[in-house]
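*Asks:* In case you want the letters, here they are:
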Amino acid sequence: MSAIDHLSGPADLEEDERQAVETLLYRLADDEFVLAERYTEWQVRSPTLESDLALSNIAQDELGHARLWYDLLEDFGYEEADLIWERDPADFRHATLVELPFEGGDWADAIVRSYLYDEAEHLRLEALEESSYPRIVDRVGKVQAEERYHREHATNWLERLAETDEGRARLQTALDRVFPHALTLFEAVDPDVERRIDEYGIRTRSLEDMGEQWLETVVPFLESLGLEVPLSSDRTVTAEDLPSHVGRDGSHTDDWFDLHDDFTHTYRELGRDSADRIMPDPDDQ
Amino acid sequence: MIWEVFRQEKPGEYHTHCGNVHAPDADMAKLFAEVQHGRRKPTNSLWVVPQREVGEVDAEEATFGGSTDKSYRWAMTYNRVDESFAEEVADSQREQETADREREEVTSGGSA
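Chains as they are written, first to last, in the working numbering: chain S, 1 to 285; chain X, 1001 to 1112.
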């Protein structure tokens, strides 16, 4: 174990430190929340009852994780309404991978997306196990315990869909569509802040480093299934490989603004200014 | 393909049948069963078994317990013993009585 210089609790952070912690938490929470929103669209529409329940359950897991991370943002005085229901959609920091709508009925899209996301999620959670911010460390294990199922689910499905020509063709189409957006998982919200996140040890592995490791994992696996990964041959990510909106920096596809409008609709229509709490605070559980 | 699922709540307890799942193979069946039958109730372990591998013998082809009087199997001869002298005997007797009653209910229910 390296001698980590632990950060103070939320109330005693320096301004720079607080900004770094917040940025990291927004990355985590927004990804999980928005992905769960999208997964939920599959409810009662998945190919079989079993796959429906499995994906709905995964969506619930992701919402639970989002809740854990948003709750740490509440340490800084924000309320749920500030974090979700009344937040400017342009301030969300999720990767564009999670905001894209699913092509109508394309189960291959859900599976490919889930695989690319969960492999990245696995890496970034590992990089938080020994974070210098104790409030994060306390919660990582809980999230990791549920992520095993997600990866297994995605991998098992990928292998089976790839067994036939038709299945493989569908996977390839989905991969071509979402892969550039998956690369945005490792993009910076703000390069200076990301550098500080690493410097303070809030994350023990840089985005670049994790991005490389992720490519080393997903590319060979996808190729072993007979798929072609839409990336330049030397497997390096250049600006050309990225989509025009990367999400992290606040630039989003139009689909995101529609989705945001959808899930905040009821809140606005009812004229709410706060959200009811129906579950105990994660710290009290 | 249908897979029957048996859930064990705590280590050491029996696995009890709790439903089934549709899945193309054993791995997917376990994955689905985990969510479908293990997420809302306390679960220590699941058995996931291909339905066609489950052997069945039912009351139409078998006479469970036989058709002649075999009440000597039930340890009712202790009926007149003062059960307070041994908890164990008392427990056993109650167990036998319950089993006997249930057996009678099933038999009479079936022939009615």
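What the hints contain is simulated information worked out from the structure, not anything from laboratory work. One should not assume that every hint holds.
Derived DSBU-like pairs: lysine-lysine, alpha-carbon spacing no greater than 30 Å straight-line [said to hold, decoys possible]:
hint : chain 1 : residue 1 : chain 2 : residue 2
1    : S       : 142       : X       : 1030
2    : X       : 1041      : X       : 1030
3    : X       : 1041      : X       : 1070
4    : X       : 1070      : X       : 1030
5    : S       : 142       : X       : 1041
6    : S       : 142       : X       : 1010
Some chain S residues close to chain X (C-beta under 10 Å, calculated; not the full set) [as the list claims (entries may be wrong)]:
hint : residue
7    : 48
8    : 160
9    : 224
10   : 280
11   : 283
12   : 285
Ideal Cβ positions, reconstructed from N, Cα and C, are used throughout, including at glycine.
*Asks:* Can you name, in rising order, the numbers of the hints this structure does not satisfy?
*Replies:* 3, 4, 9, 10, 11, 12
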